[in-house]
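Student: As a plain string of letters, each chain reads:
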Amino acid sequence: MSENSPVDAMRRAIDTAREGALAKIMAAQDSASLRDLGIELSRKTSGLVALKGEMGKLSSTADKRAVGQYLNNATTEIAAALAARTTEFADQELLRRVENERIDLSELLTTRRRGHSHIVTQATQRLEDVFVGLGFQVAEGPEVETDFYNFEALNMPRSHPSRSEFDTMFLEFGEPGSTLLRTHMSPVQIRVMKTWKPPIYAIMPGRAFRRDTPDATHMPVFHQIEGLVVDRGITFAHLAGTIEAFTKAFFDSEFTSRLRPSYFPFTEPSAEFDIRTPDGDWIELGGCGMVHPNVLISGGIDPEEFSGFAFGFGIDRMAKERHKVDDIREMYTNDLRFLRQF
Amino acid sequence: MKILNSWLNEFGPFGTDIEKISGAMTSLGLTVESIETIGRSVKGVVVAKVLRTERHPDAAKVHRVFVDAGDGAELHIWCGAFNIKAGDLVPLATLGTTMPDGRVITARGIFGIESHGMLCSGTELGLSTDSDGILILPTGLKLGLDVFAALKIKRDSLFSLDVTRNRPDCNGYLGVARDLGAHLGIKIVAPPGDDAKRGPKRSLKVAIVDKKKCSRYNATVISGVEVKSSPDWIARRLTNCGMRPINNVVDASNLVMLELNQPTHAFDATTVNGGFRIRCARKGETLTTLDGQQREFEATDLLICDGKDQAIAIAGVMGGAATEINAATSVVALETAWFESAGVARTAARLGLRSEASMRFERGVDPHGIDHAVARFAKILRESCPNLVVHAGATDIKEKHLPARQRPVNLRLGQVNRLLGTSLSARAVANLLGKVGFIAKSVTTTKQPVLKIAVPSWRPDCESEIDLVEEVARYYGYENLGKLVPQSTIHGRLSVLQQRRRELRELICSLGLSEAMPNPFLAPGDLARAGVSESNSIRLANPLVFEESVLRTSLRPGLLKAIKYNISHRAEHILLFELGHVYPSGEQPSTDDLPDEYESVCLVAVGESSRLALDWWSQISAVMNFGAQLDQSTIEPGFHPARSATLRRGRQVIGFVGELDPRVLAKHEINTAVACLELDLSALLAAPPTVVTAKPVSRFPRSDFDLAFVVPNSRSAATIIKALRQSAGDELVDLELFDVYRGPGVSDDSRSLTFRLSLQAIDRTLTDAEVTATRRRCLDAAAKLGAHLRQ
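Which chain is which? The protein sequence lines are A and B, in order. Okay, so the first sequence: first residue is 12 according to the numbering used here, each after it adds one. Okay, so the second sequence: first residue is 9 according to the numbering used here, each after it adds one.
Rather than coming from a laboratory, the hints here were simulated on the basis of the structure. Fair warning: this is a prediction, and the values are worked out from it, not measured in the lab. Incorrect hints may appear among the rest.
[Said to hold, decoys possible] Label pairs and their calculated CB-CB ranges: (1) Arg125/A x Ala702/B: 53 to 59 Å; (2) Arg547/B x Arg125/A: 36 to 42 Å; (3) Ser44/A x Ala630/B: 52 to 58 Å.
Even for Gly, the Cβ is constructed at its ideal location relative to N, Cα and C.
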């Protein structure tokens with residue numbers, strides 16, 4: 012094939028036009044000039060479009076096909092270059108616009124935050140969750156109680172000497188001495204026994220009241236949680252096992268527990284329970300025992316058929332020690348600077 | 009109860025392994041509150057003799073003491089105590105001595121005069137609790153000798169035990185030793201009694217009038233008594249156990265009480281007019297007791313009277329001053345009795361006079377330990393009175409009410425094993441109990457063995473089978489009973505109400521409020537100050553303080569106090585809530601009624617308007633699915649008269665929303681608005697949320713249109729909304745009040761309310777004609793309420 016064949020001439024012309032177009036595309040400085048260039052390149056008078064019109068001058072079909080293909084390739088190449096360059100400019104412009112939108116997010120951080128539930132509430136909920144996990148339900152009852160539910164049903168008749176240890180606050184309501192603020196959560200145990208039927212696996216967290224002068228570790232209004240299990244075949248070993256399971260679940264698996272004999276009118280055998288920290292220190296936690304047969308009878312349960320155990324301890328102290336609060340009174344000042352810490 | 013280890017060892021060879029003894033005590037339920045080491049010698053403290061004392065003209069509070077510490081040299085000491093005189097022997101802490109409190113004795117003096125040591129008090133050396141002055145040592149000690157060696161003081165341990173109410177016997181050494189002996193396998197012996205031959209018969213007449221309250225009275229005459237100070241060892245033991253030595257007679261009585269848990273009372277026999285009469289007091293009768301106080305009695309108080317029926321002691325509580333042992337006493341009438349516990353308890357409580365004796369009678373003493381107590385008293389007193397004569401013919405009256413020496417209680421073996429989870433044999437149970445004096449008389453050998461246990465008289469607490477089960481557990485060892493987690497046969501969960509309460513609390517916290525826990529006790533007037541009626545409140549019969557003597561009927565007074573407190577501490581963004589019980593008295597109570605206590609929640613925000621309170625209500629009612637209508641026609645007292653509403657569900661009032669009354673706020677020195685929402689949670693949480701049945705969602709387009717009305721201020725938006733809802737019919741899927749405008753273009757007594765209504769049918773596209781018709785109906789309904797389209 013000679014160098015001056017019409018095919019060659021066409022190819023050279025196509026090359027020239029293509030290179031010219033590509034150079035212009037590369038030289039364009041923004042998307043507007045690129046858009047103009049695109050329009051210009053598609054005009055009939057522009058290089059490749061014009062060359063297409065000259066295809067007719069070629070004589071052979073083979074030549075037409077060869078040059079046609081070459082021309083198509085060049086057109087495609089230019090279109091691709093144009094598209095790539097367009098995208099490039101669009102990206103750049105988007106980036107610029109995005110950058111112009113920059114804001115200092117730290118200006119938007121507000122100091123207003125979510126409120127805080129009281130640490131006693133938090134402790135109560137943690138305790139509830141542990142016992143729910145052990146298969147317990149949560150029972151509730153009134154804070155103002157009758158003498159019957161607070162004492163009499165708990166094996167403490169009127170003359171019982173232990174009554175004096177409860178520092179009871181009585182109310183001017185009904186007969187004198189008949190109505191009081193519950194001194195422990197045990198009245199709820201009686202209410203549960205009377206209204207639920209065994210098997211009973213229940214805890215009763217709540218507020219209790221004693222006529223104690225407030226100090227760093229006591230408040231006249233405080234919170235307690237008690238537990239009650241009544242079922243067939245419940246033994247003292249189940250009591251010890253439940254205390255142990257609770258100790259590990261609530262504190263840590265490194266903690267252990269022990270029971271040692273004690274006295275409460277409403278349980279027998281009675282025990283104090285202590286927990287042992289991983290450091291080896293024993294901490295007194297609360298009281299427990301097998302439910303006294305008289306108490307089961309008060310609750311309408313046959314002590315020959317069912318047996319049960321009960322336990323109880325303070326919630327405020329759990330919160331106090333968890334958060335290392337020096338003085339329990341501080342938990343009840345309602346000072347927002349205190350409340351918002353937790 | 010304080011237990012001195014050396015003393016305890018007289019009851020059995022318990023040894024000095026304090027850890028082991030204390031562990032055994034804990035395991036038996038004798039809570040060891042503390043263990044004190046006493047008599048720990050202080051190296052460098054020697055016996056010195058006071059040569060002379062001298063005042064210094066410039067020192068008022070100290071004087072100069074010159075002592076000889078054995079080497080003949082005169083040492084000069086500055087001393088702040090003035091109870092010493094020349095010739096006294098005193099403990100001298102020589103230079104370089106480290107005192108028990110860590111101080112090191114140096115020669116540093118005052119006025120340029122050095123001090124060659126320090127004279128010590130009993131407290132400083134840990135020898136007594138009596139810190140008054142320098143310890144005066146007994147005469148005859150060798151000068152320069154180590155004080156502790158000279159006094160033959162050995163190191164000892166003192167256990168402080170918390171004895172529970174059901175172990176009266178452990179208020180004596182014998183009871184503690186008996187338990188420890190059983191636990192540690194150590195044989196114990198009771199302390200010896202006096203075995204000298206009884207002297208000639210001398211009797212006192214005894215008449216028990218109230219036989220139930222006093223069921224045994226022993227009056228023994230003892231002569232040859234010389235009243236003086238007790239021997240050192242007795243005084244030291246009493247001091248260590250927290251009792252003050254008085255004289256050898258009283259001390260012997262106290263020592264016996266500590267050992268055997270049996271109080272005795274020694275009268276000067278010449279003052280009792282020949283005998284005793286034990287009877288209840290006549291109302292208003294009086295007696296001056298040993299402590300010098302005049303006591304007045306009720307008819308329920310039991311008195312010991314003399315042969316002429318003159319009151320001389322309060323039975324089981326305290327003796328009278330007139331019959332007290334005195335320096336001239338040579339004949340003692342010793343009372344050793346058994347008084348019924350409830351009576352002693354009542355009298356001691358009423359008089360506010362709790363003595364070591366009354367505490368023991370209250371808990372219960374052994375009615376059959378009396379003979380040994382008398383013998384033991386004589387044995388101890390004889391140490392200081394070699395010519396002591398215990399006379400024959402002691403009067404000892406036992407009434408039929410006296411508890412028996414052994415009380416039979418049946419114990420089913422099956423019950424032991426059922427409750428303790430053990431598989432003990434009848435023989436094993438009998439052995440465990442036998443070690444502490446509970447004797448198994450017989451065992452029925454059926455399939456269900458029953459042990460007939462004879463409970464000893466020193467355990468009055470053991471009355472029924474369950475008491476014996478506890479004793480089996482105690483001596484078997486709680487730690488040996490094992491640990492088993494019961495497989496709960498129910499599903500552990502929070503109730504729906506409890507879950508919803510938690511959800512509500514979380515929601516309120518997420519609205520930015522923090523939870524307060526104000527005191528539920530209010531001062532009289534607090535409720536009124538918060539605008540709440542006081543008539544429905546209950547007073548405490550025995551409040552701690554007057555300021556906390558009324559039970560709250562609303563959470564608002566407590567939160568107002570909390571707000572005031574936080575404002576005074578310059579807190580910003582005061583948003584608080586409380587979720588708790590309130591206790592209105594309700595109807596006049598019948599016998600078994602309780603007040604109308606219910607659970608309430610109250611939210612407050614300082615510096616915020618009713619807009620925020622309504623926003624809270626919108627969110628809470630939406631999340632918790634609480635429905636209620638706003639009723640602005642009745643306002644709860646304490647709320648802003650023009651900016652609050654009552655929340656009603658039908659006729660039931662479930663809460664209040666808006667702002668607090670500015671007059672209430674002024675009374676609490678709060679000078680900004682306070683948004684408040686108060687809800688009756690008992691009412692709201694009681695109804696479980698209904699489970700919603702799914703409705704199909706329309707696939708057809710929805711048509712929205714806006715209506716802007718001019719509405720007179722007297723007509724509530726709620727009324728218009730209700731009318732629009734009714735008029736728009738079933739196709740209304742959304743209705744929103746999205747603009748409220750007051751100002752130019754709208755007359756002063758009106759405002760413009762703009763609503764957006766969205767219509768959509770489930771089965772078709774609504775036609776323009778349908779939408780126009782609905783719009784028309786809405787306009788007509790609004791017009792009837794005086795709301796006209798804004799031009």
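Student: Hint by hint, note whether the structure agrees.
Tutor: Hints versus structure:
At roughly 33 Å, the beta carbons of Arg125/A and Ala702/B sit outside the given window of 53 to 59 Å. Remark: the range hint 36 to 42 Å for Arg547/B to Arg125/A is upheld by a beta-carbon distance near 39 Å. Taken as a hint, the range 52 to 58 Å holds for the pair Ser44/A and Ala630/B, whose Cβ atoms sit roughly 56 Å apart.
Comparing the model with each earlier hint shows a violation of hint 1 alone; every other hint is respected.
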